[in-house]
Every structure is written in C-alpha cells, then in structure tokens.
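Trainee: The primary structure of each chain is shown beneath.
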Amino acid sequence: MKTRLPIICGLALFVTALVVACSSPDTAGRVDPIGPNRDDFKLVAPMLVRRCGSTDCHGSSFRNFRLYGYGGQRLAAADRPDFPALIQPDELRFDYDAVIGIEPEIMRDVVQANGAGFDRLSLVRKGRNEEDHKGGQRIKPGDPADTCLLTWLSNTTNAAACASAGCIGDGGVLEQCEP
Amino acid sequence: MRALPLALLAALALAAGTSCANPVHTDAVAALGDEAPGVKQGPTHRPGQPCSTCHGGEGPGPDFAMAGTIYETRGVAKALPNVTVTLIDANGDARKPVSNEVGNFYLRAEEWAPTYPVFASLSYADPATGKNVSIDMISRIGGNRGCAFCHHGADNEPSHMPPVFLRLK
Numbered sequence: 001m002k003t004r005l006p007i008i009c010g011l012a013l014f015v016t017a018l019v020v021a022c023s024s025p026d027t028a029g030r031v032d033p034i035g036p037n038r039d040d041f042k043l044v045a046p047m048l049v050r051r052c053g054s055t056d057c058h059g060s061s062f063r064n065f066r067l068y069g070y071g072g073q074r075l076a077a078a079d080r081p082d083f084p085a086l087i088q089p090d091e092l093r094f095d096y097d098a099v100i101g102i103e104p105e106i107m108r109d110v111v112q113a114n115g116a117g118f119d120r121l122s123l124v125r126k127g128r129n130e131e132d133h134k135g136g137q138r139i140k141p142g143d144p145a146d147t148c149l150l151t152w153l154s155n156t157t158n159a160a161a162c163a164s165a166g167c168i169g170d171g172g173v174l175e176q177c178e179p
Numbered sequence: 001m002r003a004l005p006l007a008l009l010a011a012l013a014l015a016a017g018t019s020c021a022n023p024v025h026t027d028a029v030a031a032l033g034d035e036a037p038g039v040k041q042g043p044t045h046r047p048g049q050p051c052s053t054c055h056g057g058e059g060p061g062p063d064f065a066m067a068g069t070i071y072e073t074r075g076v077a078k079a080l081p082n083v084t085v086t087l088i089d090a091n092g093d094a095r096k097p098v099s100n101e102v103g104n105f106y107l108r109a110e111e112w113a114p115t116y117p118v119f120a121s122l123s124y125a126d127p128a129t130g131k132n133v134s135i136d137m138i139s140r141i142g143g144n145r146g147c148a149f150c151h152h153g154a155d156n157e158p159s160h161m162p163p164v165f166l167r168l169k
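These protein sequence lines are chains A and B, in that order.
Position one of the first sequence corresponds to residue 1 (our numbering), numbered consecutively onward.
Position one of the second sequence corresponds to residue 1 (our numbering), numbered consecutively onward.
Hint data in this document are derived by calculation from the structure and do not stem from the laboratory.
Accuracy of the hints is not assured; some may be wrong.
Some, not all, of what chain A presents toward chain B, calculated at C-beta under 8 angstroms [as the list claims (entries may be wrong)]:
| hint | residue |
| --- | --- |
| 1 | Cys57 |
| 2 | Pro81 |
| 3 | Pro84 |
Idealized CB from N, CA, C, for every residue including glycine.
Just chain A, same shape as in the assembly (with noise of 0.2 angstroms):
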C-alpha cells in the first residue's frame, strides 16, 4: 500500500495541473473594446503619430503601446519611415487598436460618457504629462492636438484641430509645420 501512495498522489497532481491548464478564462471578465469612432481616427492618427510615435518612443518595436505611422515605425515590411507619406490602412487599424487597448474599460466609459471623465484616461494624462511621462509633456491642455484627441473622444471630432496637430495641409498633404 505505502508503494502505491507516491504514484497516486503523482497521479492526483497531474490530473489537477490537467485541469487547470485546460480550464478557459471567466468570459464574463472579457471586456468588449468600445471606443471613439473608427472613421475619424485618420484624421486623429498624423497627430498621434508625429506627437508620440517618433522611433525613439512609441514608434519603437520594443514599447507596449506602439503606434505605425509617416516618420516612425512603419508596418509594412517594404516601407520605410519617411515612406510613403501617409499612413497605410493597416498602420491606421493597428494604432487605432492599440489606442482604445491600452485601458478598454476606462475608454470604454469615456467614449459613452461622450467624453466625460477623459482625464482618467493615461492616454490624455501622459500626453499631457500629468502622469509621468518619459517622453514629458506631447500635448499642451488647449492646443490643437488637445482639441484633436479630446473631440474625438467626445464623438465631435474636430477635423481643422487634427489637421493643424497633425501637418495636414490642403488635399492631405503633409507639411512641414513646425517648429
């Protein structure tokens, strides 16, 4: 009897690890990704992208929130930072999920709310820096890019703001706008 005790108790233990490694995630703790509107986050991306997603922050492959985009890291492995000047469809769907995922539930209320509670978001705050940011303030609370993002979070997206933000002049051409 006391022979057969390490087998059964070895036994117990891989069925139990059976069991465990088999079993699925609560679906109910699944959160749904509901965010600002898909169509005018081109008008949002160039913003972003020239703003945040420089290759040296989130234009880096290494950053958990990556964006995709003219003068950053580009997804296509054809493409180059500086080409083609416009963001690719693909570049535009990556960066918009990446945008709405890095806090869903929080994105999610907001972009119900109409906007309401946006400073929540670590998304606005550290564009802002008031969260430490590395990168230090990207976003001036007022300025075009601020209008940009928070109209667009608010589903009354402000088409000039992105585009002043983001260097867009006439017929989507990017410009040189600043310094």
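Put chain B on the given structure of chain A with help from the hints.
Mentor: Showing chain B alone in chain A's frame:
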C-alpha cells in the same frame, strides 16, 4: 574561526557590487567592441556608433546632451565635416554644434538640457559649389540623446532610418 564571517562579508560585497550594475547597459557597451586601431577616446572616436550608449548617463563616458555623426549622402558611408546641426528644443532653446573631421558632433550635458521633443536640421556650405545645402528632420527627437539610436544600419528597414544624411541619393 574568523573565516566564516569573512567569507560571508566577501559574498555580500560581491553580491552588492554585482547587483548595482545594469546588465543590459553593460552588454550594450560591450557590444560596441574595442576602439578602432590608432584612434584614441575623444571627439573623433567611434563615428556612427550610438553615442548615448556610453554618453547617455550611465557611463562610462561623460554625459552628452546630444551627439551623432553626419554623413554626406543617404545610405553612403562617407562622413561629412563642417555641417551645422541646428537643434531646437520644445521651448525654442537652440544649439548649433558643427560636425568635426570624422562627422561627429556632440554637446555636453552641462552645455544644454533640452526639453523634449527636439527638432533638428542640417546646413552645409558646400565648398565645391559655393551653395548652402540644408535638410530638416521630418520627425521630432523624442528623448534619445544619440542619433544612431534611430539612425543606423541599412536604408531599407521599416523600423529605423539610415545614418544621418545631408543629401538624398
């Protein structure tokens, strides 16, 4: 009798010494390799290498505010001296270092403490044509002090730019 406490003390000192080093930084410095033969440490050493690895605050070199190497043409490994590098920080504070004989430029940390992002442009008085050539960096410098952190390697990568250049091909 005293051997055991001494051994423990030695082990503690060793552990403390080892734990204070940043292994990632140590590896990054080691990966740069030895100095080129005949070149001493100084303003003309290691052109094209990521300056901020050793001059970015963790040593072993002195801290730089910004440093890099300028090349004449995109994707061509020919350094260019006498290029004025105009750097303007987020508050409009500007510095204009000039590239030396191997293309290197640098600003010591005590000379400048920029508020990021920093905007960069190059200008060069071409002695062959007598004309001034200039180029603006499209994106901003987000926080790294060394050009080669982003500007390195081949000219066909989606994740980084080739070494800093004055002219397109």
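Trainee: Each hint: holds or not?
Mentor: Against the structure, the hints:
no., hint, verdict
1, Cys57, "holds (4 angstroms)"
2, Pro81, "holds (5 angstroms)"
3, Pro84, "violated (11 angstroms)"
Violated hints amount to a single one, hint 3; each of the other numbered hints is respected by the structure.
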